[in-house]
Amino acid sequence: MKTILITGASGMIGTAMTEVLLAKGYNVIGTDKDPSVFIGKPNFSFVQANIEDKGKITSIIEGSKIDALVHLACSVDNDFPSVISSTQEKISANVDKYLFKAAADSIPDIIILSTHQIYAQAKTREPIRETAPEKPINDYAKMKYESEKAFFKAIQKSDSKAVVM
1037 MKTILITGAS GMIGTAMTEV LLAKGYNVIG TDKDPSVFIG KPNFSFVQAN IEDKGKITSI
1097 IEGSKIDALV HLACSVDNDF PSVISSTQEK ISANVDKYLF KAAADSIPDI IILSTHQIYA
1157 QAKTREPIRE TAPEKPINDY AKMKYESEKA FFKAIQKSDS KAVVM
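In the numbering used here, the protein residues as written are 1037 to 1201.
No lab work stands behind these hints, which were simulated from the structure alone. Hints may contain errors.
[As the list claims (entries may be wrong)] Listed below are the simulated DSSO-like cross-link pairs for lysine-lysine, each with C-alpha atoms no more than 27 Å apart in a straight line: (1) K1185 - K1092; (2) K1178 - K1137; (3) K1185 - K1137; (4) K1126 - K1038; (5) K1077 - K1133; (6) K1077 - K1126; (7) K1133 - K1069; (8) K1101 - K1137; (9) K1060 - K1077; (10) K1126 - K1189; (11) K1178 - K1133; (12) K1126 - K1090; (13) K1126 - K1185; (14) K1077 - K1101; (15) K1133 - K1038; (16) K1090 - K1133; (17) K1038 - K1090; (18) K1092 - K1077; (19) K1038 - K1178; (20) K1090 - K1077; (21) K1069 - K1092; (22) K1133 - K1060; (23) K1133 - K1092; (24) K1090 - K1137; (25) K1077 - K1137; (26) K1193 - K1137; (27) K1189 - K1137; (28) K1069 - K1185; (29) K1178 - K1101; (30) K1133 - K1189; (31) K1126 - K1178; (32) K1092 - K1038; (33) K1090 - K1069.
[Unchecked claim] Cβ-Cβ distance ranges computed for the label pairs, FRET-style: (34) K1126 - G1076: 34 to 42 Å; (35) E1125 - G1061: 37 to 45 Å; (36) S1121 - K1101: 19 to 27 Å.
We put the CB at the ideal spot given by N, CA and C, even for glycine.
Working from the sequences, and respecting the hints, build out all of it.
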């Protein structure tokens, strides 16, 4: 069975995704700064680590045969106010740089979770389309948009299949 690495595995979306993947029989490796409710469950291994801990996270990627990465963790929580410091932006950019490079070099399928906030609020009832130009509306959205650009740059020359959701 395939092995999926989930960063941010203890968050709301990470917990739900872990539960579904385990129920379907996948092997899941979870990472998060907070403990996981799945510790001790079959087919689940967990490394408690902040996404900024390059050594721990890259050792997971390099030390395991991972079929897919679902990147849900962010070095800045989106519950923060719209003002994000330049230090937080730099930390996020460093995380993106090392994680996307490590993943593009060794993981065939990569999914990152972005945010609807990188698109300006629609002025009409017309839905946002994938071809719509990005218009980040706050600092958090700008940071996530930069993350998406870094992601696509990192995987350009790799064989990885990538999805931004």
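Notebook entry, point to check: Which numbered hints are broken by the structure, listed smallest first?
Noted result: 4, 5, 6, 19, 22, 25, 29 and 36
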